[in-house]
Amino acid sequence: MKRFVALVLTVIMVLSVACVVSAEGPKGKVMLYSSMQEAQLQAIEQAFEAKYPGVDMEYYYAGGGKLVTKMTTEAQDGGQIASDLVWLGDPSDYEVFKANGWLQPYVSPETEHIAKEYMDAEGYYTAGRLVTMGIAWFIGVDEEDAPKTWNDLLDPKWKNQIIMTDPAQASTTKYWMAAMMQSEKYGPAYFEKLRDNGVELESGTTATHNRVADASYQVGICLDYVSANLIAEGSPMAFHYTTEDVITMTSPIAIIKGCANLDNAQLLMDFILSKEGQEVLVANNLVSVRDDVEMKVDTSAIAAINMPVDYTELGENLQNYLNEFNRIFGK
Amino acid sequence: MKKIGGVSAELAAVDGRKRLNMDKVMTAVCFVLLMIIVVIPIVMIIYNAFFYEGKLEVGMFVEQLTEPNNLGAMWNTLKIAIFTTILGTIMGVFYAWLLGRSDIPAKGLMRALFNIPYMFPPFLGAMAWDMMFNGRSGYINKWLVNLFGLSSMPININSVGGIVFVEVSYYFPFVFMQVVSALERMDPTLEESARIAGAKQRQVIWKITLPLVKPAISAGALLILTTSLAHFGVPAILGYAKRIYTLPTRIYEVIYNSGGSFDGIRQGAAISVMLVVVVALALILQNRILSSGSYDIIKGKSMRPTLIKLRGAKIPLFLLAIFTLVMIVIVPLVMIVLISFLKAYGLPLEFKNFTFAQYEKVFSANGTIASIRNSLFVSITAGIICMFLGTLVAYVVQKIKPKGKGVLEVISMLPYAIPGTVLSIGVILAWSGRIAGINLYNTIWIILVAYLARYLSFSMKTSSAALLQVHSSLEEAARVCGASHTEGLADITLPLIRPAMVSGFFLIFLPAMREVTTSILLYGPYTRTLGVQIYSLRDAGMIPQAAALATVAIGIIIVLNTIVTKLTKDKKGV
Chain A
24 MKRFVALVLT
34 VIMVLSVACV
44 VSAEGPKGKV
54 MLYSSMQEAQ
64 LQAIEQAFEA
74 KYPGVDMEYY
84 YAGGGKLVTK
94 MTTEAQDGGQ
104 IASDLVWLGD
114 PSDYEVFKAN
124 GWLQPYVSPE
134 TEHIAKEYMD
144 AEGYYTAGRL
154 VTMGIAWFIG
164 VDEEDAPKTW
174 NDLLDPKWKN
184 QIIMTDPAQA
194 STTKYWMAAM
204 MQSEKYGPAY
214 FEKLRDNGVE
224 LESGTTATHN
234 RVADASYQVG
244 ICLDYVSANL
254 IAEGSPMAFH
264 YTTEDVITMT
274 SPIAIIKGCA
284 NLDNAQLLMD
294 FILSKEGQEV
304 LVANNLVSVR
314 DDVEMKVDTS
324 AIAAINMPVD
334 YTELGENLQN
344 YLNEFNRIFG
354 K
Chain B
748 MKKIGGVSAE
758 LAAVDGRKRL
768 NMDKVMTAVC
778 FVLLMIIVVI
788 PIVMIIYNAF
798 FYEGKLEVGM
808 FVEQLTEPNN
818 LGAMWNTLKI
828 AIFTTILGTI
838 MGVFYAWLLG
848 RSDIPAKGLM
858 RALFNIPYMF
868 PPFLGAMAWD
878 MMFNGRSGYI
888 NKWLVNLFGL
898 SSMPININSV
908 GGIVFVEVSY
918 YFPFVFMQVV
928 SALERMDPTL
938 EESARIAGAK
948 QRQVIWKITL
958 PLVKPAISAG
968 ALLILTTSLA
978 HFGVPAILGY
988 AKRIYTLPTR
998 IYEVIYNSGG
1008 SFDGIRQGAA
1018 ISVMLVVVVA
1028 LALILQNRIL
1038 SSGSYDIIKG
1048 KSMRPTLIKL
1058 RGAKIPLFLL
1068 AIFTLVMIVI
1078 VPLVMIVLIS
1088 FLKAYGLPLE
1098 FKNFTFAQYE
1108 KVFSANGTIA
1118 SIRNSLFVSI
1128 TAGIICMFLG
1138 TLVAYVVQKI
1148 KPKGKGVLEV
1158 ISMLPYAIPG
1168 TVLSIGVILA
1178 WSGRIAGINL
1188 YNTIWIILVA
1198 YLARYLSFSM
1208 KTSSAALLQV
1218 HSSLEEAARV
1228 CGASHTEGLA
1238 DITLPLIRPA
1248 MVSGFFLIFL
1258 PAMREVTTSI
1268 LLYGPYTRTL
1278 GVQIYSLRDA
1288 GMIPQAAALA
1298 TVAIGIIIVL
1308 NTIVTKLTKD
1318 KKGV
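Protein chains in written order, with the numbering used here: chain A, 24 to 354; chain B, 748 to 1321.
Accuracy of the hints is not assured; some may be wrong.
Unchecked claim - With a Cα cut of at most 25 Å, we get these calculated BS3-like pairs of lysine-lysine:
no., chain 1, residue 1, chain 2, residue 2
1, B, K889, A, K354
2, B, K826, A, K180
3, A, K354, B, K989
To be verified - A few chain A residues that don't get close to chain B, going by computed Cβ distances all over 10 Å:
no., residue
4, Y75
5, D100
6, V130
7, E145
8, P179
9, N252
10, L253
11, G257
12, D268
13, N329
14, N343
These are computed hints drawn from the structure, not numbers from a lab. Quick reminder that beta carbons are idealized off the backbone N, C-alpha and C, glycines included.
Extracted from the complex, chain A is given alone in its bound form:
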């Protein structure tokens, strides 16, 4: 009997201690809509839940276009978007979200390590990672010969050997295309030349990369992290950034206005932007936005050759640029 009482007491003590511990940390749920790849989201989820065991992080994954469609449908007729945060690839989408009144401003304390140009001036969104467009090639091509600049793609030796994603289907390529259209150096004339060199279009970002890996095309206009992931898996392809006019996107993260778990949303955003969170991303072949995270990629060197982009003009004329592209490619 004594033993039993002792046991009961111990159990009660352990339980109460456990309760106290979990009562200290934040509790509840948090939901993230994201177009990032699943493996990366899972890595974030594990790291976040390890740090905050009381919070159950959920994510909903789909391609950028599908996610925006889902949010738009949810918000129709004054509905509430069923997520706490959203993290997509293309910054220009966020200007629309902001105008729609979907976003809740929040400036994370972590942003002191993040460059101002990676954040919205009014604090509605902050870059969560960097995505850069570059050139990938099938390993049958020597790195020496692989195109190093956007203009190298116009070399007749690549005639009918280049694949790119249809900008109408993928927001990252759309952004790249619009930035190129905007620039005086390239403009619509560049895309006319690209078309004349027999560039073909794929329906999705990953499909484009796979077309290079299976040697359907020698060269592709590809994304750094998608290529890095495929290369890490062992796909027979290689990738490098262009040596001039690099175009980088800031894949922003934002909190949804009126969301159910505002505190936890801020907590998750802080975590993703923290050194710890960004290191999880880097371990998964992504590029950090912070200035104090070690990476294989030298972001400052890339930033030095970044092509200047006028965001406001880009946001306003995005559709015009897309129409122009469609006209050039006879769509």
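Please build the complex by placing chain B on the supplied structure of chain A, with the hints as guidance.
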């Protein structure tokens, strides 16, 4: 028909008001359920296509209708759909007859194998074809070039012809499955009497067998047509690089381009209305064709149909069937399985590049097991509910024939003509608390409701074709012998159309197991489906892992298929 009407009227008199009530109840149930499942989401879509902030606005619709890109896409869609339907129907009927009615060997195995292409996730199937016959890098193309010393790739799958070919190899099972079950239900004495009267084999086929299974053929053909019209995967994978666009690829483009404004969704809905109109026209056409002639062919005497001896043609036809199987089933299947063993996509298919790692990854990933469980639950439930509801609708349309039966039929067919994304937008608008406070959003039930709408037409068409073959004299005979209306239905009609109901179930269960386009917008944190799981792997570029999961999916489907077929076979003997 008058005479039958007379008998029915007399029977109704025997029953007094009971029979009328029963019919009325069934009719009312149909209307109410279809209203909930189909009409409300579609009304939400159409409302949003034509009304802007509560006001009627047709300008956008007209704009979409006259947009040259849409018209070009419309033309491609029609071309692909019509050729796919014609070729798929011919192929389905031919093999259904060969395996259902002739003495060709290895029938059971071949029949099971012919259903396999229908289980492939279309993107993987199209990808398998693309890997073999891509005009740039197809494995078989390269092999043929080496073998015959050709100067260019002999076959280019990235063309309208290629798309039609791949779609045919997917969709001919619609006709095949329907016709096989119709042949099973057919009264063999009709063929025998023709033969006794001196008809030649060919004449029997043309004059007796084919006309008798006409409802099944046209039901299957209509399913091919609607499916092909609304299909996204194959044209997107095979046609995109060559700028072959179809209406569904256009719809997805405008919707996913909306970037957070509802206009894109409205435009997508407007283009979908164009598709729906085409399907409605096809339905009317089909009703015209079918309205001539009577098709009550099951007259009650159950008999095993005589198998036609192929004699000299046996070996060549057998070889043809084997060749077809190998080409359209085995080779793509093997291709998918081989990809699933690859270390990374793009590596040559050589033994040193093979690994089991993809399967390990698939099973250790979060949510794989849950997604299999969810998909099994939704597909089986949707399959069973649709099987009964579709049969109910078919019974009301074919036998009770109330006012507005045409409306019932059209309503149940329409959702399949609407691309998955647009349908799921309608379902979200309808069932996320806007109507009577019913909120199914982020639960498994919203996926189920969407699947019911999407797949109802399959079972409705199958059961409808089967019911057309059952003469009402059978049920009436039971009634004359004192059976109640319910008993007549349960003991006579239902058992007679059971093979068709089962094949209706499979027509739904198989594609629902790997469905993506609808569930991708509807799944919630705990209700991920297998299709979504495969899709997200593919989207992340992990093609070998997607192939591994698809292989697992196909395995599960084949096992379940075998079990259900065995179970229902036993019952048939009773």
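Assertion that N343 (chain A) lies farther than 10 Å from chain B (Cβ) = Fine: 13 Å to the nearest Cβ keeps N343 (chain A) off the interface.
Run the C-beta distances from N329 (chain A) to all of chain B and say if the shortest one exceeds 10 Å.
-> Fine: 24 Å to the nearest Cβ keeps N329 (chain A) off the interface.
Interface exclusion of Y75 (chain A) relative to chain B, criterion Cβ beyond 10 Å | Y75 (chain A) is indeed farther than 10 Å from all Cβ atoms of chain B, at 17 Å.
Sort out whether K180 (chain A) lies within 25 Å of K826 (chain B), counting only the CA atoms.
-> 36 Å, violated
Taking the shortest Cβ-to-Cβ distance between E145 (chain A) and chain B, state whether it exceeds 10 Å.
-> 17 Å, holds
Measure nothing beyond the straight line between the CA atoms of K354 (chain A) and K989 (chain B); if it is 25 Å or shorter, mark the hint as holding.
-> 11 Å, holds
Closest CB of chain B to the CB of N252 (chain A) still more than 10 Å away = 6 Å, violated
Going straight from one Cα to the other, do K889 (chain B) and K354 (chain A) come out at no more than 25 Å?
-> 30 Å, violated
Can we trust that D268 (chain A) is non-interface, i.e. its beta-carbon lies farther than 10 Å from all of chain B?
-> 25 Å, holds
Would the least Cβ to Cβ distance between D100 (chain A) and chain B come out above 10 Å?
-> 7 Å, violated
Non-interface claim for G257 (chain A) versus chain B (Cβ beyond 10 Å) = Since the minimum Cβ distance to chain B is about 4 Å, G257 (chain A) lies within 10 Å and the statement is violated.
Chain B versus V130 (chain A) - minimum CB to CB distance exceeding 10 Å, so not interface | With a cut-off of 10 Å, V130 (chain A) remains clear of chain B, as the shortest Cβ separation is near 22 Å.
Of the hints listed earlier, those the structure fails to meet are numbers 1, 2, 5, 9, 10 and 11, in rising order.
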